[in-house]
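**Student:** Could you build all of it, start to finish, from the sequences and the hints given here?
Residue strings, one per chain:
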Amino acid sequence: MATATITTESGSGGHSPGRNYLNESSGILSWVFTLDHKRIGLMYLVGVMSAFLLGGTFALALRTELLTPGPTTGMTHDMYNQMFTLHGAVMTFLFIIPGIPAALGNFVLPIMLGAKDVAFPRMNLMSFYLWMGGALFFVLTLFLGGLDTGWTFYTPYSIDTNTSVVSAVLGAFVLGFSSIFTGLNFIVTIHTLRPPGMTWFKMPLFLWSLYATAIIQILATPVLGITLLLLFAERTMGIGIFDPKLGGDPVLFQHFFWFYSHPAVYIMILPGMGIVSELISVFSRKAIFGYRFIAFSSLAIALLGFLVWGHHMFTSGESKMAAIVFSGITFSIAIPSAIKVFNWLATMYKGSISLATPMCFAQSFIVLFSIGGLTGLFLSTLSTDVHLHDTYFVVSHFHYVMVGSTLTAFLGGLFYWWPKITGKMYNDIQGQIAALIIFVGFNLAFFPQFIMGSRGMPRRYYNYLPEFQTYHQLSTYGSYVLGAGLFLALWVLVQSLLRGKPAPMNPWGGNSLEWHTSSPPPLANFEHTPEATDPYDYHANKYDPAVGGYVPIPKAQKTVDPYGGIE
Amino acid sequence: MDKSQDTAQFVAPPWVEEGSTFWFPVQSSTVAPQVDWLFHFILGTSTVFFLLIVGLMIWFTVQYRRRPGAPLLESPHHSTALELTWSIIPAMLLIPMFFWGFIGYVEMRTPPEDSGDNEIRVTAKRWAWLFTYPQFDGFASDTLYVEEGKPFKLTMISEDVLHSLFIPAFRVKQDVVPGRYATTWFIPTRPGEYTLFCAEYCGKSHSDMLAKVVVYPAGERAEKLTRVIEIEEKETPPLERGLKLYNRRGCAQCHTTDGTAKVGPSFKGTFGTQQKLADGSTITVDDNYIRESILEPNAKVRGGYRAQMPSFKGQLKDSQIEDLILFIKSLNEDKK
Numbered sequence: 310m311a312t313a314t315i316t317t318e319s320g321s322g323g324h325s326p327g328r329n330y331l332n333e334s335s336g337i338l339s340w341v342f343t344l345d346h347k348r349i350g351l352m353y354l355v356g357v358m359s360a361f362l363l364g365g366t367f368a369l370a371l372r373t374e375l376l377t378p379g380p381t382t383g384m385t386h387d388m389y390n391q392m393f394t395l396h397g398a399v400m401t402f403l404f405i406i407p408g409i410p411a412a413l414g415n416f417v418l419p420i421m422l423g424a425k426d427v428a429f430p431r432m433n434l435m436s437f438y439l440w441m442g443g444a445l446f447f448v449l450t451l452f453l454g455g456l457d458t459g460w461t462f463y464t465p466y467s468i469d470t471n472t473s474v475v476s477a478v479l480g481a482f483v484l485g486f487s488s489i490f491t492g493l494n495f496i497v498t499i500h501t502l503r504p505p506g507m508t509w510f511k512m513p514l515f516l517w518s519l520y521a522t523a524i525i526q527i528l529a530t531p532v533l534g535i536t537l538l539l540l541f542a543e544r545t546m547g548i549g550i551f552d553p554k555l556g557g558d559p560v561l562f563q564h565f566f567w568f569y570s571h572p573a574v575y576i577m578i579l580p581g582m583g584i585v586s587e588l589i590s591v592f593s594r595k596a597i598f599g600y601r602f603i604a605f606s607s608l609a610i611a612l613l614g615f616l617v618w619g620h621h622m623f624t625s626g627e628s629k630m631a632a633i634v635f636s637g638i639t640f641s642i643a644i645p646s647a648i649k650v651f652n653w654l655a656t657m658y659k660g661s662i663s664l665a666t667p668m669c670f671a672q673s674f675i676v677l678f679s680i681g682g683l684t685g686l687f688l689s690t691l692s693t694d695v696h697l698h699d700t701y702f703v704v705s706h707f708h709y710v711m712v713g714s715t716l717t718a719f720l721g722g723l724f725y726w727w728p729k730i731t732g733k734m735y736n737d738i739q740g741q742i743a744a745l746i747i748f749v750g751f752n753l754a755f756f757p758q759f760i761m762g763s764r765g766m767p768r769r770y771y772n773y774l775p776e777f778q779t780y781h782q783l784s785t786y787g788s789y790v791l792g793a794g795l796f797l798a799l800w801v802l803v804q805s806l807l808r809g810k811p812a813p814m815n816p817w818g819g820n821s822l823e824w825h826t827s828s829p830p831p832l833a834n835f836e837h838t839p840e841a842t843d844p845y846d847y848h849a850n851k852y853d854p855a856v857g858g859y860v861p862i863p864k865a866q867k868t869v870d871p872y873g874g875i876e
Numbered sequence: 004m005d006k007s008q009d010t011a012q013f014v015a016p017p018w019v020e021e022g023s024t025f026w027f028p029v030q031s032s033t034v035a036p037q038v039d040w041l042f043h044f045i046l047g048t049s050t051v052f053f054l055l056i057v058g059l060m061i062w063f064t065v066q067y068r069r070r071p072g073a074p075l076l077e078s079p080h081h082s083t084a085l086e087l088t089w090s091i092i093p094a095m096l097l098i099p100m101f102f103w104g105f106i107g108y109v110e111m112r113t114p115p116e117d118s119g120d121n122e123i124r125v126t127a128k129r130w131a132w133l134f135t136y137p138q139f140d141g142f143a144s145d146t147l148y149v150e151e152g153k154p155f156k157l158t159m160i161s162e163d164v165l166h167s168l169f170i171p172a173f174r175v176k177q178d179v180v181p182g183r184y185a186t187t188w189f190i191p192t193r194p195g196e197y198t199l200f201c202a203e204y205c206g207k208s209h210s211d212m213l214a215k216v217v218v219y220p221a222g223e224r225a226e227k228l229t230r231v232i233e234i235e236e237k238e239t240p241p242l243e244r245g246l247k248l249y250n251r252r253g254c255a256q257c258h259t260t261d262g263t264a265k266v267g268p269s270f271k272g273t274f275g276t277q278q279k280l281a282d283g284s285t286i287t288v289d290d291n292y293i294r295e296s297i298l299e300p301n302a303k304v305r306g307g308y309r310a311q312m313p314s315f316k317g318q319l320k321d322s323q324i325e326d327l328i329l330f331i332k333s334l335n336e337d338k339k
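Protein sequences, first through last, are from chains F and Y. Counting the first sequence from 1 gives a position; this note's numbering is that position plus 309. Counting the second sequence from 1 gives a position; this note's numbering is that position plus 3.
Quick caveat, the hints were computed from the structure, so don't treat them as lab data. Be aware that one or more of the hints could be misleading.
[To be verified] In silico DSS-like pairs for lysine-lysine, Cα to Cα no more than 30 angstroms straight-line: (1) Y/K156 with Y/K271; (2) F/K629 with Y/K237; (3) F/K554 with Y/K156; (4) F/K629 with Y/K215; (5) Y/K247 with F/K554; (6) Y/K265 with F/K554; (7) F/K554 with Y/K207; (8) Y/K128 with F/K554; (9) Y/K156 with F/K629.
**Tutor:** As structure tokens, then:
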């Protein structure tokens, strides 16, 4: 394809063809000390995907162990407990929480704003190295005797166990700073670096979702930090805040912990919803339906998310009144979530729907998020939660939300922006097949867990009664299919790097600002400061087969055609 | 087996146990039908919405698939009326779910007044459950024995970390926290044997911390449990029985076995000795004195101690007093 000519043809004149952020400078130090948000985003991307590979390997080992009751693979009780703990901790702290904001958000956010970089580029680099530091602590934990508390670190077990709680807690503490720095940076960037003409309500919805996420990151994460420091002090000095032997209250830890970790679920899912809003609109070539409802529902989810932590403690012995209040508020979160789903559907109505790979992931997201969200109703309802709490029903529910939804949104975003990030196109058919296998594998892995959970299978069990074996087997085979789908997706991306066609400026027809610069973008993102666009105006460009992508419709032609220059 | 449960029924797949449904194990307590009913109500509502969402998605994807060269269709980008409709209708549907869940929960968390008559004390520790029956002379076992149709109240404490008592057949779950008593209650409705799980992760053998729940038919618990106790007593050596009684019936709270005085005197090395009483006279600590002190504690109080021990008259059988005396006697032998 004639990409090299496109970049010059399409009016980005002045920059030498072929110069972009990837080849502007070279050598390892040019990456280590880079202040470019795109390179930092790319380093994050490699980091979080490595963490995902590690956590995923643990998951497959766990599922294999669960093929039969009792020992299956030679893994012992202790090894199993350590492995599910590290699976949870690595996936949560190193992959799902930073995945979309820090990796994709870092790359895309400034370009969507037409800015040269984030507001504080050095803080951005710092947040990446803090992430690396936190990741190292987790790896260290592996060598210091592992960790067997579950990712929730519940007291008094976490005070009592002889595994390496201290290094894991320090890791999570450091990661908290990384998260706060990213959130702070995004908030300031969105406030100060929007181009002239881009009002709040002309921002792409992905930015709204990152903004809502950032609010949670900077308000909730410090609570986790303080909680983990208290746990650290409890373990090393025995100060007696959480340990009942010293007069402490173990349930207090749960309150502290979930005051962060419930909002953290929205750190994981909100950016995913933002990506899906972009994908549904672009691949339907239709302006997003109910823009303001979607934007405000992100804020509503972020704010309500702070008020529901007590729903993790319906069976802990908290007061009836507290349980009732938390149940009521938890239900209220269903409304903004439902609004988003209906808005996405309405966006597709009368659209021009293309099932390119990113759209396949976006539609997977809608299905998996619907299942994850609707099963949340069983858990917000007090009397049913008492039965389902701490069973596989909960395991399945949060995997649908945190993995099924967030992962498909992450992959959707990755395949959507991949041509922008790397300048290479991938094989779309292979991408669609990967998306389908991931979808099938995920449901096969996790749907049986709902059934065994409501039938009474508790979570975090190495051993189980024979009556649950059928469900465990289905689930394990599903996890293999899911793993195969993910490796296929990786293979598609690696193939694209090796022999993908050069990407055009705008392969999908999006109109947010990142599609108004070359692929990959130059060091400063744009040759000239761009003007704000209506990100959801699909009459602004049209498909050009010669380019293999979309090109702007000249203004002159638009004024002639009052209907907006439809193809 | 009784299959006439008053909830929505799904055809159970062949691998599930008899009497259970697709989603649930057998219903064996009074709260179970309510929980299952509400679960199926939410399931029905969710299924309708799920099919609506996925159905529309598939329909739009097929109907409006991209056709090269076709013009973009026009349709509104927002509609406040429509958006309010799809916000308010689901919101209304959530209210009954919340409300019925809240009603059911309050019932689960409010033991009926007469449940105290059948109190069972539960101690959780890594990795076993101990159930103590005050109405059966403090008999304790690792099996939970209850009876159809009667309310049972469990008062639970943990000796180490968090545990959670979970009986799926009863739809009952309650965390057991060290340092504070937790309670739960239930009325079993169906005789049989069920599994009790630990649902809160508690370390290495968490997944093996199971116990058996035996539900006896109405009116048969006293008789059957007495037989269980008799059998167990026959199989336990008398000294061990004495030690168990000593700990379970609270002797150890006031009387040590290591020579230090607490509220009452220690028993170490006292059997057969001469002791001064509060009124100045002297007695020999023998079988009769111990028996008398258990039944009429204030008749002859040892010097230096206050008369505050409760009587165990009518609470201990002669055979149990015999076991206790043997145990106290054995504390002399330890010394030698």
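**Student:** Decide, hint by hint, whether the structure agrees.
**Tutor:** For each hint, the structure was consulted:
{"no.": "1", "hint": "Y/K156 with Y/K271", "result": "violated, 37 angstroms"}
{"no.": "2", "hint": "F/K629 with Y/K237", "result": "violated, 45 angstroms"}
{"no.": "3", "hint": "F/K554 with Y/K156", "result": "holds, 26 angstroms"}
{"no.": "4", "hint": "F/K629 with Y/K215", "result": "holds, 29 angstroms"}
{"no.": "5", "hint": "Y/K247 with F/K554", "result": "holds, 25 angstroms"}
{"no.": "6", "hint": "Y/K265 with F/K554", "result": "holds, 22 angstroms"}
{"no.": "7", "hint": "F/K554 with Y/K207", "result": "holds, 21 angstroms"}
{"no.": "8", "hint": "Y/K128 with F/K554", "result": "holds, 15 angstroms"}
{"no.": "9", "hint": "Y/K156 with F/K629", "result": "holds, 18 angstroms"}
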